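Chains as they are written, first to last, in the numbering used here: chain A, 78 to 380; chain B, 78 to 380.
Derived from the structure by calculation, the hints contain no laboratory data. Keep in mind that this is a model prediction, so the values were computed, not measured. Glycine is no exception: its CB is placed at the ideal position from the N, C-alpha and C atoms. Do not take every clue at face value.
Here are the simulated DSBU-like cross-link-like pairs (lysine-lysine), alpha carbons at most 35 Å apart as the crow flies [said to hold, decoys possible]:
1) A/Lys-323 x B/Lys-323
2) B/Lys-222 x A/Lys-222
3) B/Lys-323 x B/Lys-222
According to the in silico footprint, chain A covers these stretches of chain B (three or more CB under 8 Å from chain A) [said to hold, decoys possible]:
4) 263-275
5) 290-296
6) 316-322
7) 325-335
8) 345-354
There are 2 protein chains.
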Amino acid sequence: MTQTPQPFQRLTIIGLGLIGASISYAARQHGAAETVVGYDASADVRRRAVELGLGDIAETVADAVRDADFVVLAVPVGAVGGVAEAIGPHLTAGAIVSDTGSVKESILRDVAPHLPEGVHLVPSHPVAGTEFSGPEAGFATLFEKRWCILTPAEGTDAAAVARVAAFWRALGSKTETMDAAHHDRVLAITSHLPHLIAYNIVRTAEDLETVTESEVFKYSAGGFRDFTRIAASDPVMWRDVFLNNKDAVLEMLGRFTEDLSALQRAIRWGDAETLEALFRRTRDIRRGIIEAGQDEPEHLKKS
Amino acid sequence: MTQTPQPFQRLTIIGLGLIGASISYAARQHGAAETVVGYDASADVRRRAVELGLGDIAETVADAVRDADFVVLAVPVGAVGGVAEAIGPHLTAGAIVSDTGSVKESILRDVAPHLPEGVHLVPSHPVAGTEFSGPEAGFATLFEKRWCILTPAEGTDAAAVARVAAFWRALGSKTETMDAAHHDRVLAITSHLPHLIAYNIVRTAEDLETVTESEVFKYSAGGFRDFTRIAASDPVMWRDVFLNNKDAVLEMLGRFTEDLSALQRAIRWGDAETLEALFRRTRDIRRGIIEAGQDEPEHLKKS
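Based on the provided sequences and hints, a complete structural model is requested.
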C-alpha cells in the first residue's frame, strides 16, 4: 500500500476567479492545506476576496508565495508565463507549482523556464466550471466527482506528482495522469471545440436581420439555450485557450466542418436514411456520459 | 374583455410519445378537456399507454377521433400528412385539428388538403422537450412557462384559434401567433441548427482515432456534455424536421459556417482581439435568455 501524502502547510492561489476561489473554499473545507494565501493582479478582486474570506490575501505576488509549499496558478493560460517569471525568485526550494489551465503543453513551455532548481512543476487541469466568473462565483463543491488531469513532464519527482493528485482527490475530484500533448487533443474535442461552436452560433443568431433578439430569447428552449450557457464563459480565459491550443483546435475544427458538410449535403438532397442513421448513433454517447457520472438526465435537473 | 373560451369536451391525441403523453397528463390535471382519448400507430406504445393511464386508448385511428372536438397530432412532422388523410373522413364538423410539430409550413401543406369542410386547422408548436422520448418520458409540467407558437393560415376561424391558445395557456404555456414561414426561420436558428450542430460534434468526437470514447465520456464536463443532451433527442422526429425545413436550415447553416470560417482564421493567425471581442458579445444573449425565464443559471440547477 502507498502512504497517503501529507497535506500542504501553506497553499498559495494566484488568481481569484471562479476556479481560484473554489479551490480556496474546498481546500480549507477538506483540510487539504493548513493555510491558504491568495493573490490577484486586480486590486478590486483582492478587496472582494478579503470580503469573501478567501484566505490571507497578499498585496504582492512576492509576499503571496513566500514560504508556500504549494502554489496554484489559477489565471488564464496566456498569463501563466508572466506570473511564473514574477514568482520564480521568491519560491522556496522543494515547493510544488501547479496550475488549472485548459491547455497543458503551453504551461510546460511557459512556466518551467522560470522556476528555480528544486521547485517541482506539476500542471493540473480540473475539468469543471460554470457559466459564471469572478471570486463571487466560487463554491466548495465545484470539483466534486469531476476529473482532474495531471500532465507532469517526464522525469518529474513522483512524490510531488502524488501530493498534487492527493490534493485534488481531497477536494472530491478523480485524477488521471497523461501526456500534455494528448491532454490538449482530448480537451480540444471535449471542451475547446464545443465552446468555439457555441460562441459561433450565438453570434450567428445575433446577426440575423429577420429574427429579432427577443424571439431568440423566447424560443431558446428549443435547443439554443444549451449553447448560450457555455458561450457565457470567461472571454479572456477562452481567448487564451484558442491562442495556446491552436493546432489541436484547428484539427478538430477541420474534422467538424468536414462532417458538417456531409450533413448539409444529406439535408439538401433529402437523404432521410443518412440523417436518421446518424441521429441514432449519437444517443449511445449520451448514455455513456450519464453512466460515467459526468451529467444528470435533464428531467432530474428540472424537477 | 374577451370571454374565456370553453374547455374541450373530447380531446384526441394521436401519437403518444413524450409530447403526446405530457399533453394527456397536463390537459386532465388542468381540466382543459373533459375526456382524453389516445392513439398511437404502435401496438406496443398503445399497450404501455394503457398501463400508464394516458386516457381512453383507442385501437383504430377512426375510433380515436370519433366525436372529438379537438384533435392534436403529436407525431413526427413527416407523418402528419398520412395521419390527416386517415382521420379526415372520421372528423366531426366543427372539430379543431392542431399538432405539435417543430416545422409549420409543411403542416399547412400536408394536413389542410385532407380536412373536410367545417373542420378548423390551427397548427401549434410547444417549444418544450427533454432528452427523453416515448410515453414513459411524459410529465404534466413539461409545458409550464414555455412558449407555444400558433401558426394558423390567413382566414382561419378566430374563435378556433382562441380556443387552441386558451388550451395551451391552461397547460401553463405562454402563446404567440405568427406566420408559418417566419416560425420556420425563427426555429431554424433557435432549435434546428443547434440540434444539427450537436449531432454533428458528437459524431466528430466518436470518429476520432486518437481519443478514446472513454476519454470523451470522462472529460465531457468541459462543455461537450451540453451538446450530447440535445443530440440524444428522438432520431425520427429530427430527421423529419430537417427534411421539412430544408431551406431555412440550409440558410442558417450557411451563415453559421461563414462565421465559423472567420473564427477559424482568427485562431490560425492568433488574432486575440477578434476572439476576445466576439466572446464578450455573446454573454449578453445569455443574460437575455435568463431574464426571459427560458433557462435558469447553471449553479442553481446543480445545487
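Task: 8 Å C-beta test of the stretch 345-354 of chain B against chain A, three or more residues - done: Answer holds; 5 residues pass the 8 Å Cβ test.
TODO: Would you mind confirming whether the straight-line C-alpha gap from B/Lys-323 to B/Lys-222 stays at or under 35 Å?
DONE: 29 Å, holds
TODO: Between the stretch 290-296 of chain B and chain A, see if three or more residues pass the 8 Å beta-carbon test, and mark the coverage as holds or violated.
DONE: holds (count 7)
Task: Within 8 Å of chain A's CB atoms, at least three CB atoms from the stretch 316-322 of chain B: coverage verdict - done: With 3 residues close enough to chain A, the hint holds.
Open item on the list: Please verify the coverage claim for the stretch 325-335 of chain B: does it have three or more residues whose C-beta sits within 8 Å of some C-beta in chain A?
Closed with: holds (count 7)
Open item on the list: What's the verdict on A/Lys-323 and B/Lys-323, does the C-alpha distance respect the 35 Å limit or exceed it?
Closed with: OK: A/Lys-323 and B/Lys-323 at ~34 Å, within 35 Å.
TODO: Quick one: see if chain A covers the stretch 263-275 of chain B, three-plus residues with Cβ-Cβ under 8 Å.
DONE: This one holds; 12 residues, not fewer than the three required, reach chain A with a Cβ under 8 Å.
TODO: Starting from B/Lys-222, check that the Cα of A/Lys-222 is at most 35 Å away, please.
DONE: Since the Cα atoms of B/Lys-222 and A/Lys-222 sit roughly 32 Å apart, the hinted pair holds (cutoff 35 Å).
Violated hints for the displayed structure: none, as all numbered hints are satisfied.
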